[in-house]
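Here is what each chain is made of, one letter per residue.
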Amino acid sequence: MSEMSAPYQQKSRFMAFHQRMAKSKPLGAFGGAVFALFLICGVFADLLAPYGLNETNMLERLQSPSFLHILGTDHLGRDVFSRILFGAQLSVIVGFMAAGLATVISIVLGVVTGYFGGRTDMLIQRFVDAWMTFPDLVLLIVVISIVGPGVTQIVVILGCLYGIAGSRIIRGSVIGIRENMYTHAAQSMGARTIHILWFHILPNVMPIVIVLFTTRVGAVILAEAGLSFLGLGVPPPAPTWGSMLSGTGRTYMYLGPWLALAPGICLTMVVYAINVYGDALRDLLDPRMRGS
Amino acid sequence: MTSDNHQDNIIDVKDLKVHFPVTEGLLKKTVGWNYAVDGVSFSVRRGETFSLVGESGCGKSTTALSVLRMQDVTAGNIVFNGQDITHFSANKLRPIRRQIQMIYQDPFGSLNPRMKVGSIIGEPLRVHGQAKDKVKYRTRVKELMRLVGLLDDMADRYPHEFSGGQRQRICIARALALEPELIICDEPVSALDVSIQAQVINLLMDLQERLGLTYLFIAHDLSVVRHISNRVAVMYLGQIVEVADRQTLFNDPKHPYTQALLNAVPEPDPELESSRPERLIIGEVPSVRNPPSGCRFHPRCSKAIAQCKIDRPVLNLYNQSLIACHLY
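Protein chains in written order, with numbering that gives the first Met the number 0: chain A, 0 to 291; chain B, 0 to 327.
Just so you know, the hints here were simulated from the structure itself, not pulled from any lab data. Mixed in with the good hints there might be a few duds.
[Stated by the list, open to error] Heads up, simulated BS3-like pairs for lysine-lysine below, C-alpha to C-alpha not over 30 Å straight-line:
(1) Lys115(B) <-> Lys131(B)
(2) Lys115(B) <-> Lys22(A)
(3) Lys253(B) <-> Lys302(B)
(4) Lys115(B) <-> Lys24(A)
(5) Lys91(B) <-> Lys16(B)
(6) Lys141(B) <-> Lys131(B)
Next up, chain A with everything else stripped away, as it sits in the complex (with noise of 0.2 Å):
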């Protein structure tokens, strides 16, 4: 009995929860149905789209928008619309799982660096320096160049090279929640380091991993289009967003400015909606702000 309550308890909480956004925060509200929105094209991708991902109709090419083709076709007589559907469940894909990867390394690296300090610290950081002074595209271009372009290896590299330049902002959070009285309190009642790390420093370091979560998955679908923009994204013919904007979109600007429309306004949703919706739930989850 208990155990079939308790997913429904939680999807009530989830509901409720949202429900409480869309009332205080319905900026972040409707971020999130955004959101949303883009997630549910992303996966039902095949059963939205009207057209074939790669269906290609030379007669129908560079149409612009219309009631057959609502967002226009490209070059080849591909219907955008479609694969701009398709474009956003690879886009979403690389999005989150690099920025996943890359908040779960800056969490790691920034926790044990900040809490630990000394020559972990020290040792850790140097690192992250040396990284750091690396720029992206090189480091980026390099490793491609390596290990050959596709999904895994851009959420890894993306994910690796976000994640380790986010772990100082971590880092610096986690040296000031150490030095509060409550993490003391903790030690000084023989609390073992990791019930501190989990009870103490994580919960309290988690409004600026949202907000680095968040701002990272923009970051990500940009960074992915501008690998694709130099032929190292995802390769062709799948669809993403940047590789449509800067591909096809670039080329064709003047003949079919929809072409370069459609993908750009999409990330520029997609990157805003999640941003206002973690700003949201970053001061939502703050207990703090309830109540006022």
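Based on the hints, put chain B in the right spot on chain A.
Just chain B now, kept in the frame of chain A:
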């Protein structure tokens, strides 16, 4: 020197020294030492309130942290219930930590803002594996809340919903959770309003009576110390200059520093206040990096004699009190 009957002592601190290196430059070269605590000895008897008083920077908090083993000790011994815990490892200390708890000065910083009050109070129980039985655990938390004068339906609130005095009550409840023998109070009321101070002090005294607690009380506010203490030790620049019971210390202070310290308390009656002698103490507190030779108080002492410059006085028994001064 210390009390003769060791069974009655819960804590014996013997010749405690805590020195911090002063480092300079990129390579952290040690260029000197901060003699924060330099040869402090005292004992706390079971069931009493033993106060450490002194100006800020005199080493009273460092002493307390050493007793709690939260501060590495340079030399000396800390004996708790007859066990020398000075060099215990973290694992060996865990059962000791149950018996010594601490109440902090700042009731705002010492409570995790993201934990509910009930879970803050129950944390020591969870840390020491006493929360296996959920029903018992909840009952215990509620009992603790009532004990310190909080309503037990406040358990689901967050710390920011409470006032300073209430927060300090939460800290006290947390300190009591494991039924400790010794509670170290590090300036527990100095961050509170005066009206709240009295409530918290009275709560502490009431709890001591009911639960047979021992307090190591650290403060700089002499009126609070006078109200709560049984015995008082006065510290100056990392050393204890006088240990006496409350009555003796406040009515008949012997050490020139204690006299000066008590004299610095303003008199509420304006007529008495105007007849209060001028400051007995001159100059500034010297740096702990370079303490004066002999008696550390001699450059500021109005009664200093030649010997004070050369010999460091040790605590000697004088009429029931311990005084470190060449005059006695």
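Quick rundown of the hints versus the structure:
{"no.": "1", "hint": "Lys115(B) <-> Lys131(B)", "verdict": "19 Å, holds"}
{"no.": "2", "hint": "Lys115(B) <-> Lys22(A)", "verdict": "24 Å, holds"}
{"no.": "3", "hint": "Lys253(B) <-> Lys302(B)", "verdict": "12 Å, holds"}
{"no.": "4", "hint": "Lys115(B) <-> Lys24(A)", "verdict": "24 Å, holds"}
{"no.": "5", "hint": "Lys91(B) <-> Lys16(B)", "verdict": "22 Å, holds"}
{"no.": "6", "hint": "Lys141(B) <-> Lys131(B)", "verdict": "16 Å, holds"}
Checked against the numbered hints listed earlier, the structure breaks none of them; every hint is satisfied.
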